[in-house]
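> Chain order of the listed sequences is A and B. This note's numbering applies: residue 1 is where the first sequence begins, and numbers increase by one. This note's numbering applies: residue 1 is where the second sequence begins, and numbers increase by one.
FYI, nobody ran anything at the bench for these hints, they're computed from the structure. As the structure is a prediction and not an experimental result, all values here were calculated from the model. Be a bit skeptical, because a hint or two may be false.
[What the hints assert, rightly or not] Going by beta-carbon spacing under 8 Å, a handful of chain B positions derived as facing chain A:
#1 Q37
#2 W92
#3 V128
#4 A173
#5 H213
#6 R340
#7 F421
[Unchecked claim] Just the calculated beta-carbon pair ranges, DEER-fashion:
#8 A:T267 / B:T434: 27 to 33 Å
#9 A:D73 / B:P336: 28 to 34 Å
#10 B:G426 / A:Y68: 42 to 48 Å
#11 A:R97 / B:D95: 50 to 56 Å
#12 A:T267 / B:A359: 50 to 56 Å
For glycine and all other residues, C-beta sits at the position ideal for the given N, C-alpha and C.
There are 2 protein chains.
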Amino acid sequence: MAVDTGLTPPPAPALFTDRYELTMVAAALADGTADRQCVFEVFARRLPHGRRYGVLAGTGRLLEALPYFRFGDGEIAALREQGLTDARLLDWLADFRFSGDVDGYAEGDLYFPGSPVLTVRASFAEGVLLETLALSVLNHDSAIASAAARMISAACDRPCIEMGSRRTHEEAAVAAARAAHLVGFATSSNLEAGRRYAVPTTGTSAHAFTLLHDDERSAFEAQVAALGKGTTLLVDTYDVEQGIRTAVEVAGPELGGIRLDSGDLPTLATRARELLDELGATGTRIVVTSDLDEYAIAGLAAAPVDGYGVGTSLVTGSGAPTVGMVYKLVERDGVPVAKRSEGKRSVGGRKYAVRRHDADGVATAEVVTADPVAARPGDRDLLVPLVRDGEICDPVSPAEALSRAKAHHQRVRGALPPEAFALSRGEPAIDTVTV
Amino acid sequence: MAVDTGLTPPPAPALFTDRYELTMVAAALADGTADRQCVFEVFARRLPHGRRYGVLAGTGRLLEALPYFRFGDGEIAALREQGLTDARLLDWLADFRFSGDVDGYAEGDLYFPGSPVLTVRASFAEGVLLETLALSVLNHDSAIASAAARMISAACDRPCIEMGSRRTHEEAAVAAARAAHLVGFATSSNLEAGRRYAVPTTGTSAHAFTLLHDDERSAFEAQVAALGKGTTLLVDTYDVEQGIRTAVEVAGPELGGIRLDSGDLPTLATRARELLDELGATGTRIVVTSDLDEYAIAGLAAAPVDGYGVGTSLVTGSGAPTVGMVYKLVERDGVPVAKRSEGKRSVGGRKYAVRRHDADGVATAEVVTADPVAARPGDRDLLVPLVRDGEICDPVSPAEALSRAKAHHQRVRGALPPEAFALSRGEPAIDTVTV
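Please take these sequences and the hints and turn them into a complete structure.
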């Protein structure tokens, strides 16, 4: 079931789990309900922050982890040490491998309030065990992808570079680089994302490199000697205008790019372009960084900028670092079930979903139904089989899964109505229709 | 240098690194500046979000990773594949092990704008390589700890439970559980945090467990049979009042606790307390969960609540998911250096730091100086030696490091002036004085 990627397998993910999943399994094993056939669904009650659409990301990472979701001797010993000593539970966990079915939206697809982005059919015990990991992965990765997609819109066709690793947990950084690439970020600074997912990596130098040298000129000379004239020189350590002049003197008009990382970027970029042109460096690109988010990127649309480096706001989801997806039991032994808690009611029963499109191929509604929908022209089935009897349906390498998700995202995003790409707060771009 | 913890070592952390750190090393090796002796400092220019103080967390995790920060054959091959083929660079990386010195604030200490929380003295090449990982760890963990500390204040002496794993990346969740425990969260739901850091874990059941059963009573009976009468029953799946009655019928007045996860919690908790008392369950605790943050916790101060479960807002830093720490070259071959970029100027030269206290032991200032400070009564030296010649100064297990950080935090937090604990936005509780 596992794909051999030539990489070290990830650390056993079974303990990335809330303790209550295991106490529930213990109690259900004891009273005979553990084997009841259940359907769990992952969905978000709303989009965060007045967003118009969400991007589902993380499915590929979840499928990567699934074959390793086992309780080995080390895990069992750790559970004992934490006071989980119920012999029936521990025996069951030692034998556990997921044997159920999973369907879901294809990774990279869009989602809206109530979209059933993942459906797990399994015994209660098997299904409930996956809750924490599934939500961790999907909530994090979808938050990053959803924010990143807005940045890509704001950047129009100019390339975006992901460079937020230092602003988030070191493993989250790898997942963030993956999610950003999925929606169209051209490259990432993160070397591990390059290794695991073949995300193209880029990077040249920081202010420290200039400060290391006796003067800016020696730093630029060293960088050009090592990385070639096509490199990007960081010109704002001391004085931007002098930095640009020195950069062109050192590299000549073939200089690949300059980077601006401070100050009022629209003004600075305009002046930099004029100066570069005056110096004959008409092909030298201007890359800007420095606390960019989708709004700052949009504010630079009229400026002569050739690329955006985005860090903090990307890896923190630009105000929405998690997307509030939940994993709910919706059916038990064929009977729809739902809680009735105030403000958190859910709709029972397994769901099916199609996205409806008009004659021009523009999405018009997310149709979520209790029974499979009779397809109309323009309907696209949203749920695809991911796991059958515990086996990944279409095992591919992590890099190939990302590449497919990227292509799928580009396709489905093109079908959104134009108002979906407004950056202002608003309603979801299409309504979710529950039938 | 590595402490044998009996655990699988973490995945090789060397590629949790921005590509430009390596291109800088390559260029510096080529022009002979790689060996210049450098001092890098980690500090935050400001506290996020009008906070009054920050909590430094992550130092222990960084020290855990340092011995594994090596470039093995797999890493070197991955770099080649990404186009980093410079032979001098790859040879140097293959031999790399950090051989410099690191000082820093003790983990769990407080920090303020400009506090030099970590100082790395090494050759340029060795020092610059650690930048990305150091910032990832400290920015993430400090964000969580800083938010968690405010929740602990708001909760007064009532216990807080960390339960946010599902709302953040699965590895970030483990670090978040660790950071929360550091500042005083009693327990976590995260089993891996239990394994790696001996954070006490707790958990009982979710709504799914009630829905799995034919009725609420059977679910409660199963849970009490498996976990004992001291367990906490979740009573809001259907009707709270009926849920409480059933819970006490099933477990008797010895019922350990009930959990409320929806609705208007102050009102519900008050009614629940009255009903429990009426039913004779006067010792049964009331635990509340459901999108709590420090403000919601404060809003429950007058309600009869015995514990708070906190998820989303904790693991996302309650509005500040990262704290903006930077890693800056401040000295090269004994010469202070600093960039002059607009809005991002930094102060050159290695710093020393003490926290000044008045005669009553209340902190009055963070004194950051270019030379070691002549100690006055009430001054506490903030920088402690962490690494000498590449060796961890005081190697302890991950759990022991956390336990020490927790004790240290409690001590230093007690020295803050009372206004530091206001939840409203404001200025840092003490001024940073640069001498």
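> Hints first: check each against the structure and report whether it holds.
Results for each hint:
{"no.": "1", "hint": "Q37", "verdict": "violated (11 Å)"}
{"no.": "2", "hint": "W92", "verdict": "violated (13 Å)"}
{"no.": "3", "hint": "V128", "verdict": "holds (6 Å)"}
{"no.": "4", "hint": "A173", "verdict": "holds (6 Å)"}
{"no.": "5", "hint": "H213", "verdict": "holds (6 Å)"}
{"no.": "6", "hint": "R340", "verdict": "holds (5 Å)"}
{"no.": "7", "hint": "F421", "verdict": "violated (25 Å)"}
{"no.": "8", "hint": "A:T267 / B:T434: 27 to 33 Å", "verdict": "holds (31 Å)"}
{"no.": "9", "hint": "A:D73 / B:P336: 28 to 34 Å", "verdict": "violated (54 Å)"}
{"no.": "10", "hint": "B:G426 / A:Y68: 42 to 48 Å", "verdict": "holds (47 Å)"}
{"no.": "11", "hint": "A:R97 / B:D95: 50 to 56 Å", "verdict": "violated (42 Å)"}
{"no.": "12", "hint": "A:T267 / B:A359: 50 to 56 Å", "verdict": "holds (52 Å)"}
The structure fails hints 1, 2, 7, 9, 11 (numbered hints given earlier, in ascending order).
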